[in-house]
Every structure is written in structure tokens, then in C-alpha cells.
Amino acid sequence: MKRFSQLAIPYIVWAVLMLVLPMALIAMYSFMEQGNSIISFSLTLEHYVKFFTDPDFLIILWRSIVIAIKTTIICLLIGYPIAYVIARSSERMQNILVLCITLPTWINALVRTYAWIGLLSEGGLIQQILKIFGLGGVELLYTEAAVLLGMVYNFLPFMILQINTSLCKMDHSLLEAGADLGASPVQAFMRITLPLSLPGVINGITLVFLPAISSFFIPKLLGGGQYFLIGNLIENQFITVGEWNFGSAISMIMAIIMMLMMMAVRKVEKRNQGGKEE
Amino acid sequence: MKKVNRSFSKILMALVIIFFYLPIIYMIVFSFNEGKSLTHFTGFSLRWYEHMLESRDMMEALYTTFGVALIATAVSTVVGTIAAIGLSKSKKIVRDIMDQVNNFPLMNPEIVTAIGFMLLFITFQIEKGYATMLLAHIAFCIPYVMLSVMPKIRSLDPNLADAAMDLGCTPWQALTKVIVPQITPGIFSGALIAFTMSIDDFIISYFVTGSGVKNLSIMVYTMSKRVNPSINAISTLVVVIITIALLIINIAPAIFAKREEKEEIKKHRVLIPSIAGALVLILVIGLMNFSGGDSSLPYAGETLYVYNWGEYTGENLIKDFEAETGATVVMENFDSNEQMYIKVANGEAYDVLVPSDYMIQRLMDEGYLQKLNQSKLTCMENLVDAVKGLPYDSKNEYSVPYFWGTVGIVYDKTKVDVADLEKEGFNIFLDEKYKGDIYLYDSERDSFMMALKALGYSMNTTDESEIQKAYDWLVQCVETMEPEIVTDEIIDNMTQGRKALGLIYSGDATYVMSENENMGFYLPEGGTNQWSDAMVIPKNAKNPDLAHEFINFVSSYEGAYDNSSYVGYTSPNQEVMDELSGVGGDFEGLESYVPRTDNEKDEVFVYNEATRKMISNLWSKVKIAASNAR
Chain H
1 MKRFSQLAIP YIVWAVLMLV LPMALIAMYS FMEQGNSIIS FSLTLEHYVK
51 FFTDPDFLII LWRSIVIAIK TTIICLLIGY PIAYVIARSS ERMQNILVLC
101 ITLPTWINAL VRTYAWIGLL SEGGLIQQIL KIFGLGGVEL LYTEAAVLLG
151 MVYNFLPFMI LQINTSLCKM DHSLLEAGAD LGASPVQAFM RITLPLSLPG
201 VINGITLVFL PAISSFFIPK LLGGGQYFLI GNLIENQFIT VGEWNFGSAI
251 SMIMAIIMML MMMAVRKVEK RNQGGKEE
Chain W
1 MKKVNRSFSK ILMALVIIFF YLPIIYMIVF SFNEGKSLTH FTGFSLRWYE
51 HMLESRDMME ALYTTFGVAL IATAVSTVVG TIAAIGLSKS KKIVRDIMDQ
101 VNNFPLMNPE IVTAIGFMLL FITFQIEKGY ATMLLAHIAF CIPYVMLSVM
151 PKIRSLDPNL ADAAMDLGCT PWQALTKVIV PQITPGIFSG ALIAFTMSID
201 DFIISYFVTG SGVKNLSIMV YTMSKRVNPS INAISTLVVV IITIALLIIN
251 IAPAIFAKRE EKEEIKKHRV LIPSIAGALV LILVIGLMNF SGGDSSLPYA
301 GETLYVYNWG EYTGENLIKD FEAETGATVV MENFDSNEQM YIKVANGEAY
351 DVLVPSDYMI QRLMDEGYLQ KLNQSKLTCM ENLVDAVKGL PYDSKNEYSV
401 PYFWGTVGIV YDKTKVDVAD LEKEGFNIFL DEKYKGDIYL YDSERDSFMM
451 ALKALGYSMN TTDESEIQKA YDWLVQCVET MEPEIVTDEI IDNMTQGRKA
501 LGLIYSGDAT YVMSENENMG FYLPEGGTNQ WSDAMVIPKN AKNPDLAHEF
551 INFVSSYEGA YDNSSYVGYT SPNQEVMDEL SGVGGDFEGL ESYVPRTDNE
601 KDEVFVYNEA TRKMISNLWS KVKIAASNAR
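So the sequence lines, in the order shown, correspond to chains H and W.
Take the first sequence: its letter number 125 is residue 125 in our numbering, and every next letter is one higher.
Take the second sequence: its letter number 451 is residue 451 in our numbering, and every next letter is one higher.
Hint data in this document are derived by calculation from the structure and do not stem from the laboratory.
Just so you know, even glycine gets a beta-carbon here, dropped at the ideal spot from N, CA and C.
Hints may contain errors.
To give an idea of the chain H side of the interface with chain W (calculated C-beta under 7 Å), a few residues [stated by the list, open to error]: (1) L99; (2) F133; (3) G134; (4) N245; (5) M258.
Distance ranges between label pairs, derived from CB positions [to be verified]: (6) V16/H with R154/W: 19 to 29 Å; (7) E33/H with R154/W: 40 to 50 Å; (8) K70/H with G301/W: 55 to 65 Å; (9) K92/W with W14/H: 14 to 24 Å.
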């Protein structure tokens, strides 16, 4: 059995080189004073202090977390039933539906977002449809709703895919057994299906929440430049302002927040799995 | 009860499918648009498909995108699965640490991962190109695969492999015959996600690539100046290719399935995507046309690396230059001066750059540019006097202008009273008469220029109190006027007349006005920014001789005409400018095409590191104020 654990060694080496090392470089930057020179570096906490003492930055951090949570919840509410429907269909149909859902993601996200701009803009298709229902003149583009829509559109497939993966290999005889023992469909779902699909749900949340919190082109295009989130701030620090040290510090802060959140989520998972783990 | 459920789930499914495909259908429809707009359909045409097929860049990008995505997906799926299986049997502490490490690329904003990779490749002095892009893609794809595979492995009975080996399996057999089949759905969805991530990635690819290698995403993003429907055309082509590949996948197993066991189909799931992938590659290569060089020409076999704005070059310019010199031109694009600066300052070698005025000064000051060899330049006398000897390079020792213009106000003549513009200048952006009807441009330099000029200061002021007042002016604007802060969407939006006023570059105004006759362009009497983008040769250029040839060619009548008539920005070549703006010219009667040169209050940007940082940070604050005001 131990033999298999050796399979991980090459990857660990690779991960240290390709994932840990770049991250370490960024972490180093975040503690360095101005400038990018490694030779003349002196340590400082000023970038962290700068972030935490400015209410504006804290506001946008908060706003980014809130919109990412909203996105995640919407994706979960739509994604779960869809994944469930897919998992209950025939195997052939499952394959087709999964591909149907993934196919749009193979078209460049920016191209798809531009299409949404067209659909949502003044006089665009959606406004004209709303007009039929007597809702003409509703401003759609450059609103929070548009940003949410863009995020859900971009990240929903990941949620569906992950939940579906964990549902489709579920043993259906468990449900039958449950029903035989007198469980109502609701009970069966809550006691059997939901706990078994939890790993997929957690993965789905990871794949939606993490990119949503730091996305920057969706808010920029669908929310307008006035829709400024933490991802935009970081991008701005790296590219426009050129303050990599401050940018690195913000992303370190983000990384720690996300790490804590993911640990909390994993806790829930572990508790639900009970003693199964080892 | 069951029936209700079933039809409910069908409706739900249908709604979601519509939601996913609505933008795709929209995109396909607009790929046949006659006009340039992405939001206004004017008529059916195949011109964007022609444009796409003629563009060598686009076809190469398509090839790179699929090549990288397929290889990265294949490698990361195999490596990720093996690593996940290995980790599941490792000590808990190792597993927990690796869980966190794997989260890095998911957790970090892409720009951070991108800069991390770039620094890594620079530190190890690995030359950037296809290989580095592929390495980076594999690196960020593996965690997605592992994320999908891990839960499946965890739900396996840990004794399964032991049991298999007790029954006489070798470890390899236990792995391939027992474990892998059990976790196939996880591997499958991991591979799908990896493919999606790779195919869609822009920022990481952008910073780890070099030598002109680019994927479709890089192409789309750097096109931001002028996104045009050819991007929709190529995306439609992608849809067609994928659909054909999928049809093959779905028909092929249907034929096999009749004869074979159900288990066998599972194998096809893994095997068939790779066959399909190969097919896609063949299709793409088939679409590319390779051009051979003529060895009798002076620069045959040599390569010129140009780094320019996206969609900023005439349609035939590169082709003509290659035909004349025999050289091959490799063009990379950027969509902001700062983006370009990062790559240049980190040692990427190009032969010609096309930065803006203030950035040229910065590159000069920091020692990244070489002096032009005046004896090799034959083009200076062709140029308009007003664009020569500008403050950033007063003797044109380093730079030759590429395009130039001003920044002004584009306005809807049917909604805006010209008298208001004349009276208020840039202060019209504070006039509540136009509340909710204005666009600001999302650029700190242009916005602060507007505010400083509105207040009667110099736009190059270093006086902090003046900058502070300009900041207050902008905050007042975003708090009271409900502006939309946009970038190049303003071009399309004003062409469709969606708002009354906006801040715009003269070259973009030329396009807007040529498409919509209700639009006008106004330059405030209080002065504005006169800008220019110019060609420079970096110190680390590999082929400065050819670079001089290129500069001469671009500034010649043919090159300049092609550039200006295609892009719509003002040419610095006197003859071309006169012809295009004169009787019968493409831009006849459009006041924005010929920049104003007789107002003493007009200024050229001067680079100042301290004020630049201050203004950048204040502009972030303005945008935060704008989102707070909503």
C-alpha cells in the first residue's frame, strides 16, 4: 500500500517548483519596501498597515466577499437541481448534457461577456423582451445585477460539473433501501443524497467562490469602471500603478482570508463524513 | 407526482441551456454583421470570416490555443490523477499541506499567479515562448484535476487496492484495473475543467509567453482598442470545430457499443477525446497557410519583433513590409503602456515598440532605449511639423511618431447644446443638466487631465494641492452625475447614441462620427492633451537595422496610408493626413481627424514618477467613491 504513496513524490517536487516558489516570491515582495530589487531589500509591514488602515480598501474587500458569496449561493441553488437532473438521466443522456454545459466555456470568456454586453445594453434583446412584459426602460447594464449575472454565467458550469460527478456514481440502491425502510423522499434526500454529494458541493463552492472573489474583467465590463472590486484593485496595483509590493500584500491578505474560509468549509465536510476519514 | 417532477426538470434544464447558449447564439449572429459594432446589427456579410482567414496571426493563435490546451489537459490529467492517488496514501500531514498548495492557483487572483510565474522564468532565465506557456498551463491545470479526483478517491474503500493485490494483481494492474475505473467520472470532469481553464486563460499566458506566441485570449484582450466581429467569427469557427469533434465522439461509440460490452465504452471516454483532439489539430493546421520567404531580398530569413497596441496596424502593412524586405515580422500586442512596460523592463527583447509619449520618456529615463541612427532614417521630412520635436524627445533622437491626436468630448448634437460646451468646457461633466447621461474614460491620466484642465491648471502639475483639487472635482463628478466609467466600449456606445457626452480620443471620435452623423467632437478652449504614440528601438533589440527599415516603411506614404485609413487614427505623415482629410478622403469633413495645433493651452504629457503614482492611487479612490455613490 505504501508503494502508492511514492507516486506523489514527483508531483510534490513539481509543486514546490511551480506553485510554492512563485508564491514565495510574491510573499517576499509583500514584505519588501519599494522596488523590486532582491539585493537591497529591507523588510517592512507598511503595505499591510496601508491596507488595513484605509476604510476604502476594507469596504471593497467586504463588497468583493459579499458578491462572491451571492454568486456562490445562486450557483448552488441553480446548479444542484441541474446536476441532480443530469445524474438521474440515462448514461448516454448524461454525457450529452455534461458536454452541453461545458461547451460554452470553451468559447473565450471575454467574447461571451461582450455578447452579454450586447444582450443587456440599451435597446438590446433582453430589454426588448422585458418591454413586452411592460418592464421597458429598466437599466440592465452597469448594475450589480449584471455583474452577478456575468459571474453566475461564467462559474455555474463548474458547480454543476462537480456536483454531478459526486452524484452520478451514487448507489441508487441506497435510496431504495431508504424508501423500503419508510423514509419519505425528502428524508431520503436529506439523509442520503445530500451527505453523499457533499464533497462535490464543497468542490463546487471552491471553484465558484475563489475565482469570483478575485475576478476583475466581469465587474469591469458588466459593472463599468465604477464597479471596483478587490480583483480590480490588485490588477491595478500590478499593471497600472506598478506597486508590486502593495499588490502582493493585498493578494497575501486575500490568500489568507480564502485559506481560512476553505478550512472552515472543509471542517463541515469532515464532520459530515464522520469517522470515514482514516 | 413523478410526471410533474419530470416535466419540471425538463423545463429547468431547458432554461439553463438557453441561458448558456443565448450569448453563443448572439455571438454567432454578430459574426455575420456587416458593420464593426458588436451590439448593432446592420446587415449580413462574410467580411469578418475573410478577415479571419487572411489573418495569419489569428490562425496561429487558434493553433496555439488548442495545442496548449490539449497537451496541458492530457498531461495534467495523467499527472494529477497519479499524484492524487499517491497523496491519498501519503501521511495526513503531507496530504493537508499539498491540499493547501494546490489551492494556490485557485485562490490567487490570476495576475498574482501570472507575475509569480513570470518572475520564476526570469529567475531561472528560461526563454519565454510556447514551452513556458505550456509549463504554466500544466502547472495551474493539475490542481483542478486533483480537486475533482480527490473526493472520488476518498469515497473508495481504502482496502480495495490491497484486496486486488492479494488476489494476484501487480500494483500497476491494481491501479489501472481497479482504482482508475472507479474514479473515472472524477478524472473526466477534472479533464473538462482543466481544458476549460487552459483555453480561457489570458493573464497567465500573457506574462509567461514570448517570441510572438499567443493564444486566442491574448488576441481578444489586446484587441480591446477595436474589438471587431472577426473575434466572433473565429469563436464561431471554434464552436463548429468542437461540434464536429463531439459528433464524431458520439457517433463512433454508438457504432462500437452495439457489439461491445458496456465497460468498454468507458474506455472510449478517455480514448476518444484524444482522437478528437488530434482531429481538431489536423483541421486547424489545414486552415493555416504558410508563406515562404524569397531569399533574394535584403533581409530574407531575418525576423523583426514588434510590440504594438492591439488592432493598431493597417491590414496589409505587415504583409507589404515582408514582401519588400523578405523578413518575417512577429508582432505582439499590448493594451496599455504599463502592460508593455512590465515585459520590456523585465528583459523581454523586441526590435520596435510603439509606446505613448510619457512612456517613451520613462523608458528613455530608465535607459531602456537606444538612439536612432539618423543616417538610416529617411522619413523625418515626410512628417507633420507639429508632431516633431515634442517635449519628451525634443530632437527626435529616440522616437518617430506613429499616430497622434488629442483628447476631447464626443457629444450627441441632438441632446447637447454646443453653447454649453463652449461656455463650460470640461466642466460640462459637472453640469447636472446631463446627469446620468455621460461617460468617463477609465484612465487615470486622461481623467486627471480633464479635471486639471477644467480647473485651469497645467495637466503636468506637480503641485499636490492642485492634484487634490482635481481629485475633488472628479469625486464631485462621480457623486453627483452618475457617470458610467468605461474604456473602449465608449466607441460602440456613442456610435449607437446611448448617452449624450463622453471623454474620447480624437481617433476614436473619428470613427464614431463617421458611423453616426449626429455625433460631434469638441475641444475645450481651456486646452487639452495632445498625445502621440511613437516607434522606438529598445537597447536589447536584436535587429536594429531591420527596425530602422520598419520605421521608414511605416512612415512612408504607403505604410502610413494603410495604417491610418484602417485604424482611423491621425497619421503623422503630412501627405497622408492631407489626403485622408481632404476632398474625397476617407475622413473628409471630420474635425477630429486633424488635431488642433494652434491652442497654446494644449499640452503634451511629461512623465513624473511621483505624480503618476499619486494619480493612479487617487483614481482608484475616485472609482471607489463612484461605487459608494450607487
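(request) Return the status of the interface hint for N245/H: holds when the least beta-carbon distance to chain W is below 7 Å, violated otherwise. (result) 12 Å, violated
(request) Go ahead and decide if the range 14 to 24 Å is satisfied by the Cβ distance of K92/W to W14/H. (result) 21 Å, holds
(request) Mind checking the CB of F133/H against every CB in chain W and telling me if the closest is under 7 Å? (result) It is violated, given that the least Cβ distance between F133/H and chain W is near 16 Å, above 7 Å.
(message) Does the beta carbon distance between V16/H and R154/W stay inside 19 to 29 Å, or does it fall outside?
(response) Holds - the Cβ-Cβ distance for V16/H and R154/W, about 24 Å, lies within 19 to 29 Å.
(message) For the restraint on G134/H, tell me whether the closest CB of chain W is nearer than 7 Å.
(response) 21 Å, violated
(message) L99/H was flagged as interface toward chain W. Is the shortest Cβ-Cβ separation under 7 Å?
(response) 6 Å, holds
(message) Would the hint on M258/H be counted as holding, given a Cβ-Cβ threshold of 7 Å to chain W?
(response) OK, holds: M258/H within 7 Å of chain W, min 5 Å.
(request) Indicate whether the distance between the beta carbons of E33/H and R154/W respects the range 40 to 50 Å. (result) Given range 40 to 50 Å: holds, Cβ gap about 45 Å.
(request) With respect to the beta-carbon atoms only, verify the hint that K70/H and G301/W lie 55 to 65 Å apart. (result) Once the Cβ atoms are compared, 57 Å apart, the range 55 to 65 Å for G301/W and K70/H holds.
The structure does not agree with the numbered hints 2, 3 and 4 stated previously, though it agrees with the rest.
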